[in-house]
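One line per chain: the protein sequences are A and B, in this order.
Under the numbering used here, the residues of the first sequence are numbered 1 to 203, in order.
Under the numbering used here, the residues of the second sequence are numbered 1 to 203, in order.
Treat the hints with care, since some could be wrong.
Copies of the same chain look alike in the list, so a pair counts if it works inside one copy or between any two.
[As the list claims (entries may be wrong)] Below 30 angstroms or equal to it, Euclidean Cα-Cα: the simulated DSS-like pairs (lysine-lysine) are:
| # | residue 1 | residue 2 |
| --- | --- | --- |
| 1 | K170 | K49 |
| 2 | K21 | K49 |
| 3 | K193 | K47 |
| 4 | K39 | K21 |
By construction, these hints were calculated from the structure, which means they are not laboratory data.
Number of protein chains: 2
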Amino acid sequence: MSQPSTQIRIIESAIPLFAKKGYEGVSVESLARAAGINKATLYYHYKGKKELFEAVLRYQFSRLLGKLRARIEKESDPRMQLLRFIEVMLERKRVVVELMSREILGGARNIPKDAFALMHDLAGILVEIVRRGRREGMFEEVDPFMILNVLIGATNNYILSAPLREKFLKNSASSELPCPKFDTPTYAKTLHKMVLQTLGAKS
Amino acid sequence: MSQPSTQIRIIESAIPLFAKKGYEGVSVESLARAAGINKATLYYHYKGKKELFEAVLRYQFSRLLGKLRARIEKESDPRMQLLRFIEVMLERKRVVVELMSREILGGARNIPKDAFALMHDLAGILVEIVRRGRREGMFEEVDPFMILNVLIGATNNYILSAPLREKFLKNSASSELPCPKFDTPTYAKTLHKMVLQTLGAKS
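The task is simple: from the sequences and hints, build the whole structure.
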């Protein structure tokens, strides 16, 4: 097996471990075992847990950025680009969202400098959509970071609280409240409508 | 010390433990130690970890519901009630949001039946505001659960990612992107504006 694919195998098997136990809760031993290699092989590819965790974050962010850019560049209307942005955020796997959320819960102590550059690129994609909409006279001035914070919060919560929603529904059968029923496309459409209205655009 | 205040002392000292380590990561021994009592005293008040965790969730939800109701009933305009709802959600302590978020991250496996009733009450408060706004001809029809999911996501993310935002800002000094600056009142105002516009109301 060539070097790059071993590295990707190590990264992909590390994701569920870091997601479930967080950076502090995972040993190099368990990371090697999950990848089906010994510790020496892991150390051949990564100096240690810190470097592997950094590689995992770079890997996750790069894939997300690549998917966002590919999906957005197919659209020319900034309003449609916004919808694609929301859809890609909602398509993220739970394990990927879980890993980052657990790190943020712990106080974001293990995030390397270069991951911030990738987060900046993520913010930059939304900033660029909003700027284009303003240039074309479609959007009003709204802080794009505020919108990004709302979108990340709303999409993370949708992905992470799926098991909670399921239990909530089971325990709500006898309630007087209207039954919450929302699937991913409806959620994406509503979020899109919310953001467009906040930007003063017609949907 | 009277019995109720011992129980509250046990609950309050359990919150940061459950918040940092999650339900599975906390022992009865460490819960007793944090409360400054022995295990026998803890078992006198709670059958075990499960019952104490349930008491913690009931305590947190009841306090939140009490604060929401008190703040909302001072307003008669549903639009202002919505703002108060958002403000109270943003005033929650990080440790309280962390505890619930960690439980949700783990798949919401330890949430007792009666906590779902309290979650229902929380949803009911927002449902009632939206219904009142519709009766008074101010709001259009929008699924209040969708709005609740967005508001919980956006306020949780705001509270939990504060350390991340701080580091992000430090690493952004040289960037071309506009600098994100948002404080709690501005965030509350923007969220409020977003939700009002989604409901088709004039702010």
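Evaluated hints:
In this assembly of identical chains, the alpha carbons of K170 and K49 lie at most 30 angstroms apart only when taken from different copies (24 angstroms versus 41 angstroms within one copy). For a Cα distance limit of 30 angstroms, the shortest separation of K21 from K49 qualifies both inside one copy, at 13 angstroms, and across copies, at 21 angstroms. Neither within a single protomer nor between protomers do K193 and K47 lie at most 30 angstroms apart by alpha-carbon distance, with minima of 46 angstroms and 48 angstroms respectively. In the homo-oligomer, the alpha carbons of K39 and K21 lie at most 30 angstroms apart both inside one protomer (19 angstroms) and across protomers (27 angstroms), since each shortest distance falls under that limit.
The structure fails hint 3 only (numbered hints given earlier).
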